[in-house]
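> Start from chain A and add chain B according to the hints.
Those protein sequences? They're chains A and B, same order as listed. Note that the first sequence covers residues 1 to 343 in the working numbering. Note that the second sequence covers residues 344 to 792 in the working numbering.
Careful: at least some of the hints might be erroneous.
Claimed, not checked - Okay, derived cross-link-like pairs now, DMTMM-like style, lysine to aspartate or glutamate, Cα gap no bigger than 20 angstroms in a straight line:
| no. | chain 1 | residue 1 | chain 2 | residue 2 |
| --- | --- | --- | --- | --- |
| 1 | B | Lys-472 | A | Glu-311 |
| 2 | A | Lys-254 | B | Asp-528 |
| 3 | B | Lys-456 | A | Glu-312 |
| 4 | A | Lys-46 | A | Glu-302 |
| 5 | B | Lys-414 | A | Glu-306 |
| 6 | A | Lys-232 | B | Glu-526 |
| 7 | A | Lys-87 | A | Asp-178 |
| 8 | A | Lys-135 | A | Glu-221 |
| 9 | A | Lys-46 | B | Asp-486 |
| 10 | A | Lys-307 | B | Asp-474 |
| 11 | A | Lys-46 | A | Asp-23 |
| 12 | A | Lys-51 | B | Asp-732 |
| 13 | A | Lys-126 | A | Glu-155 |
| 14 | A | Lys-46 | B | Glu-564 |
| 15 | A | Lys-92 | A | Glu-73 |
| 16 | A | Lys-203 | A | Glu-191 |
| 17 | A | Lys-135 | A | Glu-166 |
| 18 | A | Lys-254 | B | Glu-526 |
| 19 | A | Lys-307 | B | Glu-564 |
| 20 | B | Lys-456 | A | Asp-253 |
| 21 | B | Lys-517 | A | Asp-253 |
| 22 | A | Lys-51 | B | Glu-564 |
| 23 | A | Lys-65 | B | Glu-633 |
| 24 | B | Lys-414 | A | Asp-317 |
| 25 | A | Lys-254 | B | Asp-521 |
| 26 | B | Lys-456 | A | Asp-317 |
| 27 | A | Lys-232 | B | Asp-528 |
| 28 | A | Lys-307 | B | Asp-471 |
| 29 | A | Lys-87 | A | Glu-103 |
| 30 | B | Lys-472 | A | Glu-312 |
| 31 | A | Lys-46 | B | Asp-732 |
| 32 | A | Lys-164 | A | Glu-215 |
| 33 | A | Lys-207 | A | Glu-191 |
| 34 | A | Lys-207 | A | Glu-186 |
| 35 | B | Lys-472 | A | Glu-306 |
| 36 | B | Lys-472 | A | Asp-317 |
| 37 | A | Lys-207 | A | Asp-147 |
| 38 | A | Lys-46 | B | Glu-489 |
| 39 | A | Lys-254 | B | Asp-533 |
| 40 | A | Lys-135 | A | Glu-155 |
It is worth saying that the hints were derived from the structure and are not from the lab. A quick note: this is a predicted structure, and the numbers were derived from the prediction, not measured.
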Amino acid sequence: MKKTLAVAALMSVAFAGAAEARDQIRIVGSSTVFPFATAVAEEFGKTTSFKTPVIESTGSGGGLKLFCAGVGEQHPDITNASRRIKKSEVEKCAENGISEVTEVKVGYDGIVLSNSNAAPQLDLTKEQIFLALAKTVPSKDGQSLVDNFYTTWSEIDPSLPDVKIEVLGPPPTSGTRDAFTELVLEEACEEFPVIAALEETNKDQFKAVCAGVREDGGYVEAGENDNLIVQKLEANHDALGIFGFSFLDQNGDKLQGSLIGGVAPTFEAISAGDYPVSRSLYFYVKNAHVGTIPGIKEYLAEFTAEKAFGEEGYLADRGLIPMDAAEREAVRNAAMNLSPLSM
Amino acid sequence: MTDMASLMEDRAAAKVISDNLRKPVDWDSPKIARNIKKRYAAERRFKIYGLVAIGIALLALCMLATSIGSKGYSAFYQTYVQLEVHFDPAVIDPDGTGDPAVIGRANFDGLIKQSLRDRFPDVTSRSDKRDLYGIVSGGASYDLRERVLENPSLIGQTRTIWLISGDDFDMLNKGYIDPTVAEGDRRLNDQEVSWYNDLVEAGAVEKQFHTRFFTSGDSREPELAGIWGAAVGSFYTLLVTLALSFPIGVLAAVYLEEFAPKNRFTQIVEVNINNLAAVPSIVFGLLGLEVYLNVMHLPRSAPVVGGLTLALMTLPTIIIASRAAIKAVPPSIRQAALGLGASPVQTVTHHVLPLAMPGILTGTIIGMAQALGETAPLLMIGMVAFIVDIPGGALDPATVLPVQIYLWADSPERAFVEKTSAAIMVLLAFLVLMNGLAVYLRKKFERKW
Chain A
1 MKKTLAVAAL MSVAFAGAAE ARDQIRIVGS STVFPFATAV AEEFGKTTSF
51 KTPVIESTGS GGGLKLFCAG VGEQHPDITN ASRRIKKSEV EKCAENGISE
101 VTEVKVGYDG IVLSNSNAAP QLDLTKEQIF LALAKTVPSK DGQSLVDNFY
151 TTWSEIDPSL PDVKIEVLGP PPTSGTRDAF TELVLEEACE EFPVIAALEE
201 TNKDQFKAVC AGVREDGGYV EAGENDNLIV QKLEANHDAL GIFGFSFLDQ
251 NGDKLQGSLI GGVAPTFEAI SAGDYPVSRS LYFYVKNAHV GTIPGIKEYL
301 AEFTAEKAFG EEGYLADRGL IPMDAAEREA VRNAAMNLSP LSM
Chain B
344 MTDMASLMED RAAAKVISDN LRKPVDWDSP KIARNIKKRY AAERRFKIYG
394 LVAIGIALLA LCMLATSIGS KGYSAFYQTY VQLEVHFDPA VIDPDGTGDP
444 AVIGRANFDG LIKQSLRDRF PDVTSRSDKR DLYGIVSGGA SYDLRERVLE
494 NPSLIGQTRT IWLISGDDFD MLNKGYIDPT VAEGDRRLND QEVSWYNDLV
544 EAGAVEKQFH TRFFTSGDSR EPELAGIWGA AVGSFYTLLV TLALSFPIGV
594 LAAVYLEEFA PKNRFTQIVE VNINNLAAVP SIVFGLLGLE VYLNVMHLPR
644 SAPVVGGLTL ALMTLPTIII ASRAAIKAVP PSIRQAALGL GASPVQTVTH
694 HVLPLAMPGI LTGTIIGMAQ ALGETAPLLM IGMVAFIVDI PGGALDPATV
744 LPVQIYLWAD SPERAFVEKT SAAIMVLLAF LVLMNGLAVY LRKKFERKW
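Here chain A stands alone, though its shape is the one from the complex (with noise of 0.2 angstroms):
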């Protein structure tokens, strides 16, 4: 009997705050907003009566997966993304019942190759970046499409040391992958004859031949966790990194940004947009839910705010690029009118 007694009390204490209607914001999505995402959800919750919001690192499209489910409380009411929603997603939402979707744009971020500061530092085009990385690449004589089959960076160029092709980067599940093939490879891959030619004869390979990465021990994927990479590039001179400019921005003092085109991964440099690896980061808002999910707007508020994600703001101190003022100014119009998405 006692033993009963001790069992139930146990379980209404761990039962104890009962399933009443959420308050509390609920957030998915991107990994690369998501340090920039509990950066304001703490400060939300500490500065004003709401709980502070949850938040989930899924992946962009994981994220957007999640949200457009459906509306109502057990569905998230915002998701970060590193990439804009697309089309089909925007459609999925419409379907379950989501129409209204306000987009707001958080600020930018760096994609950096780096190694590590006891190593040269490497000054890189994106065709150069190309060659070392794509899985078909054009042949010597520029007139037909093989493996690749460079080992080294001074056989692409002979400027480049002499060592081996080894670069480390996230898998195709992440966000920054995604990115960093389309802002590189595939923007480098139509300044080869070869392979612009193929644009018009075989799409599909030639989407092929832009996107493939090689399988052959040139590329290793090292899973989603930066600071590994960041840690591999400390042991091991020769590799280069690929993954976002915060990480590059805390570790400052062991790693160093390579130059793509001539320009170097600085706070600056992405800022202006002279960098040429930077994207733009975004979180989706539920409209139906703001009104019934207590502190929608308030977040909205906070994030936009010129304290968190102006020039000077807290989310600059942790690695996110700030847009200019009247970008920002626009921005937080939108966001606090709530004027939905319209594709």
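For chain B alone, coordinates are given in the frame of chain A:
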């Protein structure tokens, strides 16, 4: 005929053997000596192989422990900075109401900034001031507020107070940031390092035991982040797991061992239970997502869902261990009980189960320890999340200890490296404790027949 022949052969062979036996063995012959030497050598070699195997295992364990320990021990200490803070009544409580609500809303951050400016009066430019404010953590203002709410008589006074420092400053004090490398290559510029040296000379920098690490929830500021939220989440999750998997597991084991007829059906059930124990845990996560979230609409990220999912994972372990423990109870005990007139149910509950309990508990604790270290299935049901508030029940959003380790390991801030290792140490301590309890229970209640 053949029988006769083989009998003769056997006899002949037996005679040879008995002749040999009758001949005394020459123990000093070189052949025997060689033989004996060889046997001793083989014995020694075998012992050495065993020692080498243990040595490798211990070395691996030592490497793990030292790498985690050397990185993580510093997280138990936190740098504090001593500042003179003036509790300005004009800022805290301008109308002198003494109302806690008014005091609670006051700008304590401003007070700290003011005292930093007073400490380094020659800092004037905007960006320099921003750097200056980084010396003290953003969380220090909450400490200050609590101090004043507890003791309102502080208002109007000037006190020298130890304030928790910012993460970069903490890293510098712990030696993780090398001030000798080029200025552009480190997180702190020359001016910040000179402020640090200035404060050190004045004796205003100190490392204190970091209680906050054990008492607070997650945070994006490494110096404010703690494991309490995750520990509470783990507690509720394991509570639900235990409440579900222990009774179901033991009942299943009792039925299968004591009552079930031995036929094709129970054989299939047996094989499947053994199979389930080897299924990758992520599969249980997918099952949990489908059944508990999509069909039963239980709340996402809640320990109750995590516990239900982990219970599925722990069940096979408990059933297998319980069956082994029940099987080890000698049949004579059952026969004696039945012979004295006990019913089969009485036999089980009065005699078999109490005798099997140490084994059952050992299996349960090992299953629980497994569940404590699991992350993969929790990923699917939304427990891999940033959650600041300490969960108040099994239905509040929560994360668990291993998930907290995973999240910190993925954070860009340098100071999270030591937090990650420290959290691993805490998790390992819990695991050692649970496994130690299992060993203790076995030793204490085990019976030999």
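> Take the hints in turn and mark each one as holding or not.
Quick rundown of the hints versus the structure:
1. B/Lys-472 / A/Glu-311: holds (15 angstroms)
2. A/Lys-254 / B/Asp-528: holds (8 angstroms)
3. B/Lys-456 / A/Glu-312: At roughly 17 angstroms apart (the allowed maximum being 20 angstroms), A/Glu-312 and B/Lys-456 satisfy the hint.
4. A/Lys-46 / A/Glu-302: holds (11 angstroms)
5. B/Lys-414 / A/Glu-306: Measuring from Cα to Cα gives roughly 37 angstroms; hence the hint is violated.
6. A/Lys-232 / B/Glu-526: violated (24 angstroms)
7. A/Lys-87 / A/Asp-178: Given pair A/Lys-87, A/Asp-178 holds - Cα atoms ~17 angstroms apart, limit 20 angstroms.
8. A/Lys-135 / A/Glu-221: Within the cut-off at roughly 14 angstroms; holds.
9. A/Lys-46 / B/Asp-486: holds (13 angstroms)
10. A/Lys-307 / B/Asp-474: Holds, at roughly 15 angstroms.
11. A/Lys-46 / A/Asp-23: Holds, at about 16 angstroms.
12. A/Lys-51 / B/Asp-732: Holds: A/Lys-51 and B/Asp-732 sit about 8 angstroms apart, inside 20 angstroms.
13. A/Lys-126 / A/Glu-155: holds (16 angstroms)
14. A/Lys-46 / B/Glu-564: holds (13 angstroms)
15. A/Lys-92 / A/Glu-73: Judged against 20 angstroms, a Cα distance of about 19 angstroms means the pair holds.
16. A/Lys-203 / A/Glu-191: Cα-Cα ~16 angstroms, so holds.
17. A/Lys-135 / A/Glu-166: Cα-Cα ~14 angstroms, so holds.
18. A/Lys-254 / B/Glu-526: holds (13 angstroms)
19. A/Lys-307 / B/Glu-564: holds (17 angstroms)
20. B/Lys-456 / A/Asp-253: The given pair, whose Cα atoms are some 28 angstroms apart, is violated under the 20 angstroms limit.
21. B/Lys-517 / A/Asp-253: It holds: about 16 angstroms lies between the C-alpha atoms, which stays within 20 angstroms.
22. A/Lys-51 / B/Glu-564: holds (18 angstroms)
23. A/Lys-65 / B/Glu-633: Roughly 15 angstroms between the alpha carbons, so the hint for A/Lys-65 and B/Glu-633 holds.
24. B/Lys-414 / A/Asp-317: violated (25 angstroms)
25. A/Lys-254 / B/Asp-521: Roughly 11 angstroms separates the two Cα atoms, so the pair holds.
26. B/Lys-456 / A/Asp-317: holds (18 angstroms)
27. A/Lys-232 / B/Asp-528: holds (19 angstroms)
28. A/Lys-307 / B/Asp-471: holds (17 angstroms)
29. A/Lys-87 / A/Glu-103: holds (13 angstroms)
30. B/Lys-472 / A/Glu-312: holds (12 angstroms)
31. A/Lys-46 / B/Asp-732: Holds. A/Lys-46 to B/Asp-732 sits at ~10 angstroms (cutoff 20 angstroms).
32. A/Lys-164 / A/Glu-215: holds (15 angstroms)
33. A/Lys-207 / A/Glu-191: OK: A/Lys-207 and A/Glu-191 at ~14 angstroms, within 20 angstroms.
34. A/Lys-207 / A/Glu-186: Holds, at about 8 angstroms.
35. B/Lys-472 / A/Glu-306: holds (18 angstroms)
36. B/Lys-472 / A/Asp-317: This hinted pair holds, its Cα atoms lying about 14 angstroms apart.
37. A/Lys-207 / A/Asp-147: Holds, at about 16 angstroms.
38. A/Lys-46 / B/Glu-489: holds (14 angstroms)
39. A/Lys-254 / B/Asp-533: holds (18 angstroms)
40. A/Lys-135 / A/Glu-155: Holds, because 16 angstroms separates the two Cα atoms, which is no more than 20 angstroms.
Hints 5, 6, 20 and 24, counting from the list given before, are not met by this structure.
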